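Q: Could you put together the complete structure from these sequences and hints?
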Amino acid sequence: MACSVVKWRSDSFYGRVAVVKAGNGYVVGDFTGWIHGAFKEVVELPPGRYAVASSDGAEECLVEPPEYPWHFSVPYMGVDWGDVAEIRIYAPEPPEVSRGHVVKLLEGDPFSIYMAVIKSRRYEVRCCGKVKRYRRPPLVEGHGIYAMYEVLPDRAANRTGCGDLRRQFCGGTLKDVAEIALSASEFADTLYLHPIYPAMSYHRYDVVNHLDVDERLGGWAAFAALKEALNGRGMKLVLDLVLYHVGLRNPLFPNGPFIIRDQSFTTLVKSLADIMPRNALTGLLLGEPPYDTFLKAWLMPRLDYSDRRAVQYARSVVEFWTPKVDGFRLDVAHGVPPSAWDEILEPARHRYILGEHVGNPAPFYKSIKGFTAYILYGELAKSGSFSTISEAINRYLALTPPGALPYMNTFIENHDTDRAVTTMGGLVTVGYAVIFTLPGVPSVYAGGECGVGGRASDHTNRAPYKPCPGSPIADTLRALYSARREFGLWRGPAWAEQKRGRIIINRPGTRAEIALNKITILSAGQQQEITL
Numbered sequence: 001m002a003c004s005v006v007k008w009r010s011d012s013f014y015g016r017v018a019v020v021k022a023g024n025g026y027v028v029g030d031f032t033g034w035i036h037g038a039f040k041e042v043v044e045l046p047p048g049r050y051a052v053a054s055s056d057g058a059e060e061c062l063v064e065p066p067e068y069p070w071h072f073s074v075p076y077m078g079v080d081w082g083d084v085a086e087i088r089i090y091a092p093e094p095p096e097v098s099r100g101h102v103v104k105l106l107e108g109d110p111f112s113i114y115m116a117v118i119k120s121r122r123y124e125v126r127c128c129g130k131v132k133r134y135r136r137p138p139l140v141e142g143h144g145i146y147a148m149y150e151v152l153p154d155r156a157a158n159r160t161g162c163g164d165l166r167r168q169f170c171g172g173t174l175k176d177v178a179e180i181a182l183s184a185s186e187f188a189d190t191l192y193l194h195p196i197y198p199a200m201s202y203h204r205y206d207v208v209n210h211l212d213v214d215e216r217l218g219g220w221a222a223f224a225a226l227k228e229a230l231n232g233r234g235m236k237l238v239l240d241l242v243l244y245h246v247g248l249r250n251p252l253f254p255n256g257p258f259i260i261r262d263q264s265f266t267t268l269v270k271s272l273a274d275i276m277p278r279n280a281l282t283g284l285l286l287g288e289p290p291y292d293t294f295l296k297a298w299l300m301p302r303l304d305y306s307d308r309r310a311v312q313y314a315r316s317v318v319e320f321w322t323p324k325v326d327g328f329r330l331d332v333a334h335g336v337p338p339s340a341w342d343e344i345l346e347p348a349r350h351r352y353i354l355g356e357h358v359g360n361p362a363p364f365y366k367s368i369k370g371f372t373a374y375i376l377y378g379e380l381a382k383s384g385s386f387s388t389i390s391e392a393i394n395r396y397l398a399l400t401p402p403g404a405l406p407y408m409n410t411f412i413e414n415h416d417t418d419r420a421v422t423t424m425g426g427l428v429t430v431g432y433a434v435i436f437t438l439p440g441v442p443s444v445y446a447g448g449e450c451g452v453g454g455r456a457s458d459h460t461n462r463a464p465y466k467p468c469p470g471s472p473i474a475d476t477l478r479a480l481y482s483a484r485r486e487f488g489l490w491r492g493p494a495w496a497e498q499k500r501g502r503i504i505i506n507r508p509g510t511r512a513e514i515a516l517n518k519i520t521i522l523s524a525g526q527q528q529e530i531t532l
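For the sequence shown, counting from 1, position 34 maps to 34 in the working numbering; every step adds exactly one.
Hints were generated in silico from the structure; no laboratory data involved.
The hints are all genuine.
Between beta-carbon pairs, the in silico distance windows are:
(1) Glu186 <-> Gly161: 29 to 37 Å
(2) Ile259 <-> Gly378: 27 to 35 Å
(3) Lys130 <-> Gly509: 27 to 35 Å
With a Cα cut of at most 27 Å, we get these calculated BS3-like pairs of lysine-lysine:
(4) Lys324 <-> Lys227
(5) Lys175 <-> Lys236
(6) Lys21 <-> Lys40
(7) Lys104 <-> Lys132
(8) Lys175 <-> Lys227
(9) Lys518 <-> Lys382
(10) Lys104 <-> Lys382
(11) Lys175 <-> Lys466
(12) Lys40 <-> Lys7
(13) Lys130 <-> Lys7
(14) Lys466 <-> Lys236
(15) Lys296 <-> Lys21
(16) Lys382 <-> Lys499
(17) Lys104 <-> Lys119
(18) Lys296 <-> Lys270
(19) Lys296 <-> Lys40
(20) Lys227 <-> Lys466
Computed from a predicted model, the values in this text were never measured in an experiment.
Just so it is clear, CB atoms sit at the ideal spot from N, CA and C, and this is done for glycine as well.
A: This is how it looks when you write it as structure tokens:
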């Protein structure tokens, strides 16, 4: 076993958490997205199955509840949706819940994860020779975002005739972003905008100045015009914040909160970065960097959040942008300690906040309400089979706290993945039907409405946007978005099953039946069909 439970402690959000030791130095696993930085020596985890890094690659880390049934009336394990409450129960056998409907979401050994839907203000859980009584869990909070449209600014247009999609700027501006965002306003009410700061690369994740708008994009004037255009259409703006790392040319580096292993070598690298073109640098800087970075990328030094200066800097960035946007997407959120996020995000607690996490975000939910739903995406992208999608949905629901579901970003492609058409083929519209009928915030990556293909490995998934009037996928997305709002499909609770060759997504009083060529929504005597 690659991890061991040192002790259990009470927690107001999780109920109780296990203090888990997993080797020396940084603790790395699927709960950190295999990224260093969030945890040293130990990590606090709720019950579940995890993977941790070991000398042999990855090993299982089982955190088994110390008793059964395992349930607390806390945000991690239950939420009140207003008309009904939704709770999670960990047990080795089917539990009974007074005046409740119980569904097994995930089969496991020694324990499975169950969901119960209850109407009463008090309820009992009976299982394993025990009876436990609880009060209804806390009421879910709303945020008013129903779907997002994701845009990488440089690729909003091709103004330079760019050929090398890995390295070249294609010349998209915030004016181009505004045009394609408004064209998507019939199936998304929020623009999810990738970094707009002065940076070293076209994608702008190697930020040089967090408190400015790149002049290549049109600067502050273009940002103001974008905001005005979005406001005129009733659209919100969620901005990508890059706070795990900075760009090599950022003035903060190297004499700031960074982990430097060789100061003289680092000083030389910094001086070269100030005089050499970026493309020349990437060919020169090979091997192990003399400072901690994002995935050994020399151009992206990693901030050290054990240093107070890093926390203070990140918080100042959040304070600066909070009045200007409606929410944030936090890049590499799984690499920053949850305790640091608590302080960094305090100025923006009233905003919609979404963290990037490519694994299981379990230890982060107390600090960040929602995450990128890679657990669901991974199952949808690899399944290749219509018949296994319902299992994928229930597994995702089992591993996601009920209170986080309204904030989760569900997707079938984004700027870091292969295009959905490339991976899913003819199941693309089925994939959209799934994410638009589940709780959370579905997103459409610019070009997805056109059905474009592409691979992440060669950045063809980031090809410049081309308009596609009359696209049948866009028509489907408009119908799905309209139904999502009309039938309250953004709410929970929800669970899936497979029947008669269809995926059924159930809710109390409402169900969506997804077939290969259509989706049928039935609710309170109403019926609506959407062609896929």
